[in-house]
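Put together the whole structure using the sequences plus the hints.
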Amino acid sequence: MSIEARLPPPQYGLRLKRMLGGKAGWNGIILQILFVAVLVWVGYEIVANARSNLAAQRITSGFGFLNNTAGFDVNQTLISYSGSDSYSRVLIVGVLNTLLVSVIGIVLATILGFLVALGRLSPNVLLSRVSGAYVELIRNLPLLFQILFWYLAVLAALPGPRQSISLFSTFFLNNRGFIVPRPIEEPGLMPFLVALGAAIVGSAGLHYYARRELFVRGHAMRIWPYVLGLLIGLPLIATLVFGVPISFEVPALKGFNFAGGSRIIPELVALTLALTMYTASFIAEVVRAGILSVHKGQMEAGLSLGLSRSTVLRLIVVPQALRVILPPLTNQYLNLTKNSSLAVAIGYPDLVSVFAGTTMSQTGQAIEIIGITMGVYLALSLITSAMMSFYSWRLGKRLGA
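Okay, so the sequence shown: first residue is 158 according to this note's numbering, each after it adds one.
These aren't lab readings, by the way, just hints derived from the structure by calculation. Beta carbons: idealized from backbone N, C-alpha and C, even for Gly. Please note: incorrect hints may appear among the correct ones.
Label pairs and their computed distance ranges (CB to CB) [what the hints assert, rightly or not]:
hint	residue 1	residue 2	range
1	Phe306	Trp198	25 to 33 Å
2	Val373	Arg339	46 to 54 Å
3	Arg339	Thr468	38 to 46 Å
4	Ile236	Gly390	28 to 36 Å
5	Val282	Phe229	35 to 43 Å
6	Asn492	Val373	36 to 44 Å
7	Leu196	Phe229	36 to 44 Å
8	Ser245	Tyr548	26 to 34 Å
9	Leu449	Ile236	42 to 50 Å
This is how it looks when you write it as structure tokens:
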């Protein structure tokens, strides 16, 4: 074999050159190394300066403070917590409270945003104008103003516990929150959950089998009676055999407050309402733009086949529009999660309030606490983006994109 035959083709050498230094070749990679060196030097100087300042102020660095006793209470916890617990427990409480309002807000904002978007596209002039007015009004008002409006102008104006607004003498709404019956676990809970899980798995299997029969053999199966039987029958049988899964402790007014039940604090209600309505106004525009991106001939073709407008939207238009909707929709989910940090304005015990606020003021570990808080929000954003990217990938496979 000749020497020329053993030499790599010219394009491989060019490709290697571009991988190492771009179009500038070796000069480019030298510049990149120098740039990285400068970044490392700047980072070192920042860390060294921070350590010297902490030493001058006699502030110890590190994360050992997380094991110290917090010494303060939190008015809403999803896990057991008391003032004698550590700061690491406070961190978990704050993260869970942030996740609670973020998940509830994302679900409600998505539903409301889709409904408002469909309202704006409705042939009904009144509904379209009302939906448009909602979008233009809510998205142009500052979110902090809306949070304070719901908290101070609406919830704080509610009557006291003795004059609570009652629903069926079971649910009570007053200026101290929304009091609801508290569920109590019974011995039949675990068999009930197992039966419910089996019913959900069986229903999903039936749905998959019906879709496969439809696309492979063209045979449409009517499975909803079987699905309904599974979802109702199996949990009902488990309840009859093992007993009720849960019982409820109904709240009752005693003195100047309610005893028993569970209290949803007004801060959570105000923050959830504000985040939901504010984010839904942006989601509505995202969904409307996605639906309008689908050629109107799709809607006309579906209507010409005798399908209703809602059926055409659900089966034809929206699945195609999702490919346009999902990227900006993910951005709105991330914005809602980060905007929940405004909860500190009304005292809702989220991550910023109890950890980056109270904990930092007590310990003085500003660098560590801010770093942990940044890491938590970064992790939440990356997890949300990964989940939405996975759903977009599955949707692309299903639509053959």
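If I claimed the Cβ atoms of Val282 and Phe229 lie 35 to 43 Å apart, would that claim hold in this structure? 55 Å Cβ-Cβ, so the 35 to 43 Å window is violated.
For the hint 42 to 50 Å, verify it against the beta carbon of Leu449 and that of Ile236. Roughly 45 Å apart at Cβ, these two residues keep to the hinted range, so it holds.
Lying within 38 to 46 Å: is that true of the beta-carbon distance Arg339 to Thr468? 42 Å, holds
Measuring from beta carbon to beta carbon, are Asn492 and Val373 in 36 to 44 Å? Holds: the Cβ-Cβ distance is about 42 Å, inside 36 to 44 Å.
Lying within 26 to 34 Å: is that true of the beta-carbon distance Ser245 to Tyr548? 33 Å, holds
Determine whether the Cβ-Cβ distance between Leu196 and Phe229 falls within the hinted range of 36 to 44 Å. 39 Å, holds
Does the Cβ distance between Val373 and Arg339 fall inside 46 to 54 Å? Once the Cβ atoms are compared, 49 Å apart, the range 46 to 54 Å for Arg339 and Val373 holds.
Can the suggested window of 28 to 36 Å be confirmed for the beta-carbon pair Ile236 and Gly390? About 35 Å separates the Cβ atoms of Ile236 and Gly390, which means 28 to 36 Å holds.
Taking the Cβ atom of Phe306 and the Cβ atom of Trp198, is their distance within the range 25 to 33 Å? This hint is violated: roughly 49 Å between Cβ atoms.
Consistency with the previously given hints fails for numbers 1 and 5, ordered from lowest to highest.
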